[in-house]
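K.L.:
Each chain is listed here by its residues.
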Amino acid sequence: MSNTPKTLFEKVWEQHVVVEPKGEPTILYIDLQLVHEVTSPQAFEGLRLAGRPVRRPDRTIATIDHNVPTTIEGRLHILDQIAAKQIATLRQNCADFGVELYDVDSPNQGIVHVIGPELGITKPGMTIVCGDSHTSTHGAFGALAFGIGTSEVEHVMATQTLPQSKPKTFRIAVEGELPLGVTAKDIILAIIGKIGTDGATGYVIEYAGSAIRSLSIEGRMTVCNMSIEAGARAGMIAPDEKTFAYLKGRRFAPQGAAWDKAVEEWNKLPTDEGAKFDREMVIDAAQLVPYVSWGTNPGMVAPVTATIPDPAKTDNELDRKSLERALEYMDIHAGTPLTEIAIDRVFIGSCTNGRIEDLRAAAKIVAGHKVSSHVSAMVVPGSQLVKEQAEQEGLDTIFKDAGFDWREPGCSMCLGMNPDILSPGERCASTSNRNFEGRQGRGGRTHLVSPEMAAAAAIAGHFVDIRTWEVNEEVTA
Amino acid sequence: MQPFKTLTSLAAPLDRTNVDTDQIIPKQFLKRIERTGYGDFLFFDWRQTPDGKPVADFVLNDPRYAGAHILIAGKNFGCGSSREHAAWALSDFGFRCVIAPTFADIFFSNAGKNGILLVKLGEEEVGILLSNAQTIPGYKLTVSLEDQTLTDGQGFSAKFEVDPFRKFCLLEGLDDIGLTLRHATELDTYEAQHDEAVWLKAK
Ligand code: SF4
Numbered sequence: 000m001s002n003t004p005k006t007l008f009e010k011v012w013e014q015h016v017v018v019e020p021k022g023e024p025t026i027l028y029i030d031l032q033l034v035h036e037v038t039s040p041q042a043f044e045g046l047r048l049a050g051r052p053v054r055r056p057d058r059t060i061a062t063i064d065h066n067v068p069t070t071i072e073g074r075l076h077i078l079d080q081i082a083a084k085q086i087a088t089l090r091q092n093c094a095d096f097g098v099e100l101y102d103v104d105s106p107n108q109g110i111v112h113v114i115g116p117e118l119g120i121t122k123p124g125m126t127i128v129c130g131d132s133h134t135s136t137h138g139a140f141g142a143l144a145f146g147i148g149t150s151e152v153e154h155v156m157a158t159q160t161l162p163q164s165k166p167k168t169f170r171i172a173v174e175g176e177l178p179l180g181v182t183a184k185d186i187i188l189a190i191i192g193k194i195g196t197d198g199a200t201g202y203v204i205e206y207a208g209s210a211i212r213s214l215s216i217e218g219r220m221t222v223c224n225m226s227i228e229a230g231a232r233a234g235m236i237a238p239d240e241k242t243f244a245y246l247k248g249r250r251f252a253p254q255g256a257a258w259d260k261a262v263e264e265w266n267k268l269p270t271d272e273g274a275k276f277d278r279e280m281v282i283d284a285a286q287l288v289p290y291v292s293w294g295t296n297p298g299m300v301a302p303v304t305a306t307i308p309d310p311a312k313t314d315n316e317l318d319r320k321s322l323e324r325a326l327e328y329m330d331i332h333a334g335t336p337l338t339e340i341a342i343d344r345v346f347i348g349s350c351t352n353g354r355i356e357d358l359r360a361a362a363k364i365v366a367g368h369k370v371s372s373h374v375s376a377m378v379v380p381g382s383q384l385v386k387e388q389a390e391q392e393g394l395d396t397i398f399k400d401a402g403f404d405w406r407e408p409g410c411s412m413c414l415g416m417n418p419d420i421l422s423p424g425e426r427c428a429s430t431s432n433r434n435f436e437g438r439q440g441r442g443g444r445t446h447l448v449s450p451e452m453a454a455a456a457a458i459a460g461h462f463v464d465i466r467t468w469e470v471n472e473e474v475t476a
Numbered sequence: 000m001q002p003f004k005t006l007t008s009l010a011a012p013l014d015r016t017n018v019d020t021d022q023i024i025p026k027q028f029l030k031r032i033e034r035t036g037y038g039d040f041l042f043f044d045w046r047q048t049p050d051g052k053p054v055a056d057f058v059l060n061d062p063r064y065a066g067a068h069i070l071i072a073g074k075n076f077g078c079g080s081s082r083e084h085a086a087w088a089l090s091d092f093g094f095r096c097v098i099a100p101t102f103a104d105i106f107f108s109n110a111g112k113n114g115i116l117l118v119k120l121g122e123e124e125v126g127i128l129l130s131n132a133q134t135i136p137g138y139k140l141t142v143s144l145e146d147q148t149l150t151d152g153q154g155f156s157a158k159f160e161v162d163p164f165r166k167f168c169l170l171e172g173l174d175d176i177g178l179t180l181r182h183a184t185e186l187d188t189y190e191a192q193h194d195e196a197v198w199l200k201a202k
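Chains as they are written, first to last, in numbering that gives the first Met the number 0: chain A, 0 to 476; chain B, 0 to 202.
To be clear, the hints were calculated from the coordinates, so they are not data collected in a lab. Virtual Cβ for every residue (Gly too), placed ideally from N, Cα, C. Be careful, since some hints might not be right.
Straight-line Cα separation of at most 20 Å, EDC-like style, residue types lysine to aspartate or glutamate; simulated pairs [claimed, not checked]:
no.: 1; chain 1: B; residue 1: 158; chain 2: B; residue 2: 145
no.: 2; chain 1: A; residue 1: 10; chain 2: B; residue 2: 190
no.: 3; chain 1: A; residue 1: 165; chain 2: B; residue 2: 171
no.: 4; chain 1: B; residue 1: 202; chain 2: A; residue 2: 57
no.: 5; chain 1: A; residue 1: 267; chain 2: A; residue 2: 9
no.: 6; chain 1: A; residue 1: 21; chain 2: B; residue 2: 171
no.: 7; chain 1: B; residue 1: 166; chain 2: A; residue 2: 57
For each label pair, taking beta carbons as the anchor points, the in silico distance ranges come out as [stated by the list, open to error]:
no.: 8; chain 1: B; residue 1: 52; chain 2: A; residue 2: 311; range: 43 to 51 Å
no.: 9; chain 1: A; residue 1: 4; chain 2: B; residue 2: 145; range: 37 to 45 Å
no.: 10; chain 1: A; residue 1: 21; chain 2: B; residue 2: 152; range: 47 to 55 Å
no.: 11; chain 1: A; residue 1: 256; chain 2: B; residue 2: 145; range: 28 to 36 Å
no.: 12; chain 1: A; residue 1: 247; chain 2: B; residue 2: 56; range: 54 to 62 Å
no.: 13; chain 1: A; residue 1: 314; chain 2: B; residue 2: 52; range: 32 to 40 Å
no.: 14; chain 1: B; residue 1: 62; chain 2: A; residue 2: 283; range: 49 to 57 Å
no.: 15; chain 1: A; residue 1: 94; chain 2: B; residue 2: 134; range: 56 to 64 Å
no.: 16; chain 1: B; residue 1: 191; chain 2: A; residue 2: 174; range: 40 to 48 Å
no.: 17; chain 1: A; residue 1: 56; chain 2: B; residue 2: 185; range: 20 to 28 Å
Listed below are several chain A residues computed to face chain B (Cβ distance under 7 Å; list not exhaustive) [unchecked claim]:
no.: 18; residue: 48
no.: 19; residue: 56
no.: 20; residue: 58
no.: 21; residue: 80
no.: 22; residue: 124
no.: 23; residue: 132
no.: 24; residue: 157
no.: 25; residue: 253
no.: 26; residue: 257
no.: 27; residue: 296
no.: 28; residue: 402
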C-alpha cells in the first residue's frame with residue numbers, strides 16, 4: 000500500500016472494492032440497502048422470477064413513507080387503492096424475503112433517510128444505497144450513499160454489490176461563519192444556484208470547511224441531501240466528534256468495546272492532508288443569505304432580497320426559453336421582489352428539513368404568532384421518533400396554537416404521492432428539495448426555503464427576510 | 000433486455016433543458032407495482048391538459064413524429080428522482096435512443112438497464128439536430144452503436160463516445176446480475192472478510 004494521501008471518498012471506495020474486472024466497472028460491496036414501497040416492487044418481483052433470495056436481509060431495511068397518508072384516519076383506511084396495493088405488496092415482499100420492515104404502526108416508521116441515521120443504522124465509512132435519489136443524505140456521516148434505480152435495487156438484493164464506475168471528486172469548502180438567519184438549507188441552495196442542477200454531474204462532492212464543520216449533524220444531512228439537486232452522485236462530510244456524539248447510544252450503533260473500535264476506524268476516514276480532488280471550490284460563508292427558489296428547478300434560486308430575474312438577459316436560446324417557461328408556470332414576473340410574493344400553503348417537512356432540529360427552528364419563529372388568514376400550513380415530522388421528541392418538547396403545541404396542521408410522519412407534500420397535494424395554481428413555501436413542475440401536485444407552484452423562512456412566510460402570508468424577524472423568546476422559553 | 004445494434008427512425012425534438020424525471024413520468028403513476036404499461040403516462044402533464052385533452056403544441060402529440068424511436072432533448076436530461084419508471088415509460092412508448100448534450104447520472108444507468116441508448120453530443124450538434132427535426136419533414140436519423148455513429152443521410156454525421164462495457168452490454172442485451180455472479184467466488188471471499196468490520200454492520 001502506498002502512502003499517497005487519500006480523500007474520504009477514496010478511502011470508503013477502496014474498502015468496498017470486491018473485484019475490478021478488466022475493462023468493466025468495479026464491483027462495489029454495499030453495506031446497507033434501504034427500501035421503500037415505491038421503487039421496490041419490481042425488484043422483488045425480479046428476484047422471485049429468477050428464484051433468487053435477498054442475499055443479506057441483515058443489510059436490508061424497509062419502511063413505508065412515500066404513499067402513506069399523514070392523518071391517522073387516512074392511514075387506517077387508505078382510500079387510494081393503487082397506493083394501498085403498493086404498500087401491501089411491500090409488506091408481503093418483506094415477509095417473503097425476510098426483510099425487516101418498519102411499518103406504518105411501528106414506532107420507528109418514517110422517511111427512509113430520516114430513520115436510517117436516527118436508528119444508528121447509517122454509519123461512517125459505509126456504502127449505502129436506496130432506490131431514491133436523496134440517499135445522498137447519509138453522506139453527512141462520511142458514508143458513500145447514493146440513489147439507484149429499481150434494476151439496481153434488484154441487483155443489490157441479489158448480490159449485495161453494484162457495478163460502478165468510479166466517480167470524480169469535487170471538494171466544496173464553505174469557510175467562515177454563517178450569518179444569523181442563514182441555515183444549512185441556504186448553503187446548499189446557494190451552491191446549486193451557483194453551479195447549476197448539472198454542476199456536479201459525475202462527481203462525488205465532499206463538503207468541507209469551517210462552516211460545514213460548525214453545522215449540526217442535522218444541518219449536514221440537509222446539505223448532503225440536496226447534492227443530487229446539483230447532479231452529484233453523492234455528497235459526503237468527514238465524520239468527527241459531533242458525528243460520534245450523534246450516533247452514540249442509538250439503537251443500532253455499536254456498543255462497548257465495539258464502539259471504541261468503531262470510533263478508531265471512523266477516525267481514519269477524513270481526507271488526508273494533501274489529497275487531490277478533481278475539482279475544488281471555496282465559498283465564503285459570510286456572503287451567504289437566506290434564499291428562495293423562484294423557478295421550476297432547484298438551480299433557479301435567489302436571495303430573499305432579490306427580484307425575479309429577467310429571461311431577456313440570457314443569451315442562450317434554450318436557456319432563455321426554459322426561464323420564460325419557468326416564470327410562466329410559476330405565474331411570476333421579472334422584476335417582482337421575492338418578498339412581495341404571496342403564498343397559499345406552507346409545508347414544513349421532508350427528508351431535507353423534517354428532523355427535530357428543523358422543527359425546533361421553525362417553532363422558534365412561529366411561537367406566539369398566528370398563521371396568516373389566507374395560508375394553510377402543515378408540519379409533517381420526518382419520523383415517528385421526531386414526532387415523539389417534538390411532542391415531548393411541546394413543539395406541536397406551538398404549531399397547533401399558531402394554526403398549523405400537525406401530521407403523522409411521511410414524505411407528505413414533498414412529492415404528493417399521498418393525499419397531501421397542492422391544487423392547481425396554489426403557491427407553496429416548502430422546506431422540501433424539488434420545485435419541479437407539478438412536484439407537489441399538478442399545477443402547484445413550489446418555492447424552496449429553509450424551515451425558518453417557511454415558518455415566517457406562513458405567518459406573514461408572503462416571503463420575508465428572516466434576518467429581520469423578531470423572535471418571541473418568552474414563548475419559546 | 001432487448002439488445003441494441005442499429006436503429007433508423009424518425010426523431011422527435013423536445014427542445015427543453017433539464018427535463019426531470021417528474022416530467023417524464025409524474026408521480027401518480029409510480030404507485031403501480033408492474034414494470035410495464037407506463038408508455039401512456041410518458042410526459043403526462045405535458046401531453047394532456049388537466050381535463051384530459053391533448054396539448055396541441057406538445058411535440059409527442061404532433062402526428063409528424065408518431066412512431067419516433069429517437070428523442071432529441073436539451074442538456075441534463077433525466078435529472079431529479081431516481082425512478083426507473085422514467086426509463087420504463089420512454090421504452091414502453093417506443094423510444095430506444097435519446098440524444099442530448101448531457102444526462103443525469105441515475106437516469107443514465109437506468110436507461111442502460113432498459114436497452115435505451117443515450118447519445119451525448121455537443122450542445123451545438125444537438126442544436127442542429129433539434130432544428131432539423133423541427134423543420135425537415137420526415138427527418139430520420141440512423142444510429143449505429145457498433146460504429147458509434149449518428150447520421151441523417153443529409154450530410155449530418157457525428158461520432159459519439161460510449162463506455163466499452165456499456166456498449167458490450169447493450170449490444171448483447173445482457174443482464175447485469177448474471178454478469179456480477181461470474182465473480183461469485185471473489186464475492187464470497189470478500190464478504191466473509193468484510194463482515195468482520197463490525198463498524199460497518201447495519202444492525
Ligand atoms: S421526503 Fe421527498 S425527497 Fe425525501 S424521500 Fe420522501 S419524497 Fe423523496
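K.L.:
All the hints need checking, so say for each whether the structure fits it.
P.N.:
Cross-check of the supplied hints:
Simply put, residue 158 (chain B) and residue 145 (chain B) have alpha-carbon atoms about 11 Å apart, close enough for the 20 Å limit, and the pair holds. A threshold of 20 Å between alpha carbons decides the hint, and for residue 10 (chain A) with residue 190 (chain B) the separation of about 18 Å falls inside it, so the pair holds. This hinted pair does not check out: residue 165 (chain A) and residue 171 (chain B) have alpha carbons roughly 23 Å apart, beyond 20 Å. For the hint pairing residue 202 (chain B) with residue 57 (chain A), the CA-to-CA distance comes to about 7 Å; that is within 20 Å, so the pair holds.
Restraint check: the Cα-Cα separation between residue 267 (chain A) and residue 9 (chain A) comes to about 12 Å, which is no more than 20 Å; the hinted pair holds. Of the pairs offered as hints, the one joining residue 21 (chain A) and residue 171 (chain B) holds, with about 18 Å between alpha carbons and a cut-off of 20 Å not exceeded. Proximity of residue 166 (chain B) to residue 57 (chain A) is assessed by CA-CA distance (about 35 Å); at most 20 Å being required, the pair is judged violated. Checked against the hint of 43 to 51 Å, the pair residue 52 (chain B) and residue 311 (chain A) fails, with Cβ atoms roughly 32 Å apart.
Range check, residue 4 (chain A) to residue 145 (chain B): Cβ separation about 43 Å, and the 37 to 45 Å hint holds. Roughly 38 Å separates the CB atoms of residue 21 (chain A) and residue 152 (chain B), a value that falls outside the hinted 47 to 55 Å. One distance hint, 28 to 36 Å for the beta-carbon pair residue 256 (chain A) and residue 145 (chain B), is violated here, with the actual separation near 58 Å. Distance hint check for residue 247 (chain A) and residue 56 (chain B): the Cβ-Cβ separation is about 59 Å, which falls inside the suggested range of 54 to 62 Å.
With their beta carbons about 36 Å apart, residue 314 (chain A) and residue 52 (chain B) fall inside the hinted range of 32 to 40 Å. Roughly 54 Å separates the CB atoms of residue 62 (chain B) and residue 283 (chain A), a value that falls within the hinted 49 to 57 Å. Distance hint check for residue 94 (chain A) and residue 134 (chain B): the Cβ-Cβ separation is about 57 Å, which falls inside the suggested range of 56 to 64 Å. Range check, residue 191 (chain B) to residue 174 (chain A): about 44 Å between beta-carbon atoms, so the 40 to 48 Å window is met.
Taking the beta carbon of each, residue 56 (chain A) and residue 185 (chain B) are about 22 Å apart, inside 20 to 28 Å as hinted. Look at residue 48 (chain A): its Cβ only gets to about 10 Å from chain B, farther than 7 Å, so that hint breaks. A hinted interface residue such as residue 56 (chain A) counts as satisfied when its beta carbon comes closer than 7 Å to some beta carbon of chain B; here the least separation is about 10 Å, so the hint is violated. Checking residue 58 (chain A) against chain B: minimum C-beta separation of about 5 Å stays under 7 Å; hint holds.
The interface hint given for residue 80 (chain A) is violated, since its Cβ lies 9 Å from the closest Cβ of chain B, which is over the 7 Å cut-off. Hint status for residue 124 (chain A) relative to chain B: holds, with the closest Cβ pair at about 6 Å, below 7 Å. Of the supplied interface hints, the one on residue 132 (chain A) holds, with its beta-carbon coming within about 4 Å of a beta-carbon of chain B, less than 7 Å. Checking residue 157 (chain A) against chain B by beta carbon gives a least distance of about 5 Å; that is within 7 Å, so the hint holds.
A hinted interface residue such as residue 253 (chain A) counts as satisfied when its beta carbon comes closer than 7 Å to some beta carbon of chain B; here the least separation is about 6 Å, so the hint holds. Because the smallest distance between the Cβ of residue 257 (chain A) and any Cβ of chain B comes to about 5 Å, under 7 Å, the interface hint for this residue holds. Given the 7 Å rule on beta carbons, the hint for residue 296 (chain A) holds: about 5 Å separates it from the nearest Cβ of chain B. The beta carbon of residue 402 (chain A) comes no nearer than 28 Å to any beta carbon in chain B, farther than 7 Å, and the hint placing it at the interface is violated.
When each numbered hint is compared with the structure, violations occur for hints 3, 7, 8, 10, 11, 18, 19, 21, 28.
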